[in-house]
Structures are given as structure tokens and as C-alpha cells.
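Taken in order, these protein sequences are the chains called A and B. Using numbering that gives the first Met the number 0, the letters of the first sequence map in sequence onto residues 0 to 209. Using numbering that gives the first Met the number 0, the letters of the second sequence map in sequence onto residues 0 to 211.
In short, the hints are calculated from the structure, not lab data. By construction, the Cβ of each residue, glycine as well, lies at the ideal position given by its N, Cα and C atoms. Each hint can be trusted.
Partial list, derived from the structure: chain B residues whose beta carbon lies under 10 Å from chain A: (1) Val28; (2) Gly39; (3) Lys56; (4) Thr116; (5) Lys144; (6) Ser168.
Once the Cα atoms are required to be at most 20 Å apart in a straight line, the calculated PhoX-like pairs of lysine-lysine come out as: (7) A:Lys93 x A:Lys107; (8) B:Lys38 x A:Lys77; (9) A:Lys147 x A:Lys183; (10) B:Lys56 x A:Lys107; (11) A:Lys93 x B:Lys38.
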Amino acid sequence: MSYQSNADLGGQDVRDAIVMEPEGDLFHAPWEPRVMALVVAMGPTGLSNIDMNRAARETIPNYRDLSYYEVWLTALEKLVLQQGVLGDAPPPPKQVLRAELVAAAISKGSAFSRTPAGPARYALGQRVRTIAVQPAHHTRLPAYARGKAGIVERVHGAHVFPDTNARGLGENPQWLYTVAFDEKELWGERNPKQRSTISVDAFEPYLEPA
Amino acid sequence: MSEHEHHSHFHEPDSQHAQRALSPIELRVRALEALLTEKGYIDPAALDVLIDAYQTKIGPRNGARVVARAWCDAEFRRWLLADATAAIASLGMSGRQGEHMVAVENTPQVHNLVVCTLCSCYPWAVLGLPPTWYKSAPYRARAVKDPRGVLREFGVELPESTQIRIWDSTAEVRYLVLPQRPAGSEDLSEQQLANLVTRDSMIGTGLPGSAA
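When you get a sec, could you build the whole thing from the sequences and use the hints?
Below you can see the structure in the form of C-alpha cells.
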């Protein structure tokens, strides 16, 4: 089955101006804060997880035409239908975020680090290459960074693996690395006097030894 | 609720409820909230508390405190760069969208810039909700490929020799830029320093205010 993410924008030819926004200018319509809060409050229910949410958002066909809170709303509507909330046996919420629990829930968050299943395959400073395949499911290796050689700059321990978690196939923890690429590797030689380095946070299955 | 509601000028003169017509998207949001409430997934009062938290408590002034402390306290700065999650938690900021923090330091040689090309990952625990442009296609598309052009749009012109280091937040690690302390700020208090720290300077699209 093919899978199309409409959210993988890095390096694409998008020429619109960036519209500045003063600090504190958080919402642009009265419904927007409600959507933000609905999405956050649905977290503890376990109806979906963060990776399912991202998959639901990035596969919206007109993703690019929607504002970000419209994206969030559309994806939540989609998940509510997919998970059978309207059916005869809606999945029971694991936990309901009550008003008095909000402050504690925000401060606690939900860590994504997990005990690794084995030792890390790559070490700091090691040269690696990202895989070039585009999987037919949600993934977190951006297209612009596929099939590119970089250096392991940080090792973050094992984290929940989005590629399986998004499909309900479990957390399947994988080692997570920051891999840094010279701009020339990603975009070709440009102005050699102006250098930039770009990194992604890449899960071990996204990498091969270089 | 949002302050925008108070600006609403769509009063229906003939309606006893003085209620304006709801837009299609408002109807969708209300229907979804009603459904999820009825099915027992959400507590509507919790939504009010969440909105208030991100409107009045959790925002870039939190991150500014972290930066100002790092500028004043060398030991804290070392801790922040070595273990940002713990150092930030010591100032009472933690949790949602800040579970795995990394602080990256600007120097005369290196300028850091944070983006999420795949969605809108942002360090909520220290900066609150992301600005619209951070989630928008032009920023996400260009920050990784043309960082100098993006910075120019924000009014930031860096020396040609400055290396730009772009962090694409593709997993659950969240990045906070530690800007350079403004020149001539030696006599400022930690609070005065915090006032110079802008949201954009902690994303890397801006520089802190001047001490003058």
C-alpha cells in the first residue's frame, strides 16, 4: 500500500514569505485554543499515540492548504472515526485528563526514552549513511536526508520507534542519534565561504555504516 | 477563552441569545468536543485549564529565565549544555514537549537554528506554543536549505564566516538555543538580562535585545 506524507517539507521549493508574529500572539481564531486543548487532552485517553497523530496529520490530502490547527482538528476527527468512537463499543479511555490533574500532567509529560534491547550499533564521531528507501508508512527520516553520509554527533539512548508505534505495532525502542551532514552533502557545492551543517535525529534502523 | 472572543462583532440583533452564527469550522470543533465529552474521553473543564496554562504560564519567558541564568552562572551553563533536561527542571520547568531537552550554544563562530521540517516539534516546556511561522511551509522548507536567506527575512545578518548549525527536530528531542550574551550587559541583573531574551533568539531566528 502506498503511503504519501504531505508534511515532509524540508528543502522543497516554497517561496511564500515567512509571516512574523509577535510573542504572545498565540491564536488567530476563537476555536484554535479549543483544538489545541482537545488534542492535548486526548493524549492520556490512549485513543491514539503521538506517532498515530502525526501519521493522521501528514496524510491529509490537502495538508498544505490548511492552517496548522485545522490540520490538528482534521486529524483528530479522522482518528475518532478510525478508532470506533462512534461505534457500539468505543475503546474505553485509559485515563481522562481531569481539570485538577492538568498542571501535574503538563509537568510530568511523557518520556519517550526506553530501555534498549541491545547495545548501540554506532558510536559518537562515526560516519554513517542514511537509508535511501522510502517506507510505505509513517517514518521520521526526512526525504532530503535520505541516502546521505553524515557523522554521529550525539547518542540519545533508545526511544520509542515512530515507524512501528504509528501503526499500532508497538514501541519497539531503537537507539536514537543526532546525525550531522555538511550542507554540500545535502544540496551540493554552493558558496564554500558560507558553511552550514544540518542534523536530523535518526533512529538506528534509518542508518547504515558508511 | 481566547481574548479574540471579546473582539467578536458578529452580534445577531434579533437573537435572544445574542449569539453570532458559527462558522463551519467552529461547528466542527464544538461537535467534536461535545462528542468526546459525551463519550467520556474528555473533561471540558480541563480544556479551559490547558488553554489558560499555555496563555498565561508556559511561554518564552520561561526559556528566557533559563538563558539569563546560564549567562550569569557558569556552573549552570555547563550543566545546561551537558544535561539540559535536568538543568531546566531545576528551575521548575519540565514535562510536555520538553521531556528530552538539548541546549545548543551560539558562539562567535557558530549560530544555531532550530526547525521541524516534518511537523511542528517545539520545546513547549520552555517556549510554550510555537508561532504560526514555525509551523508554516516556507520556514520548514527553507530553514534547512537556505538558512541565511531565512535569517535575512528575520532581519538577522551574520558574518560570512559564521557557520550555521541547523537542528531538524525529527524525533522527541527538543532544542533550545542559548544565544550569546549581549555586549555591554555586564552590569545587568539576571531579570534585566531575561528581558533581553526574545523567543526568536531561543529558536535561532533572532538575536537577543541590545543592552544599551
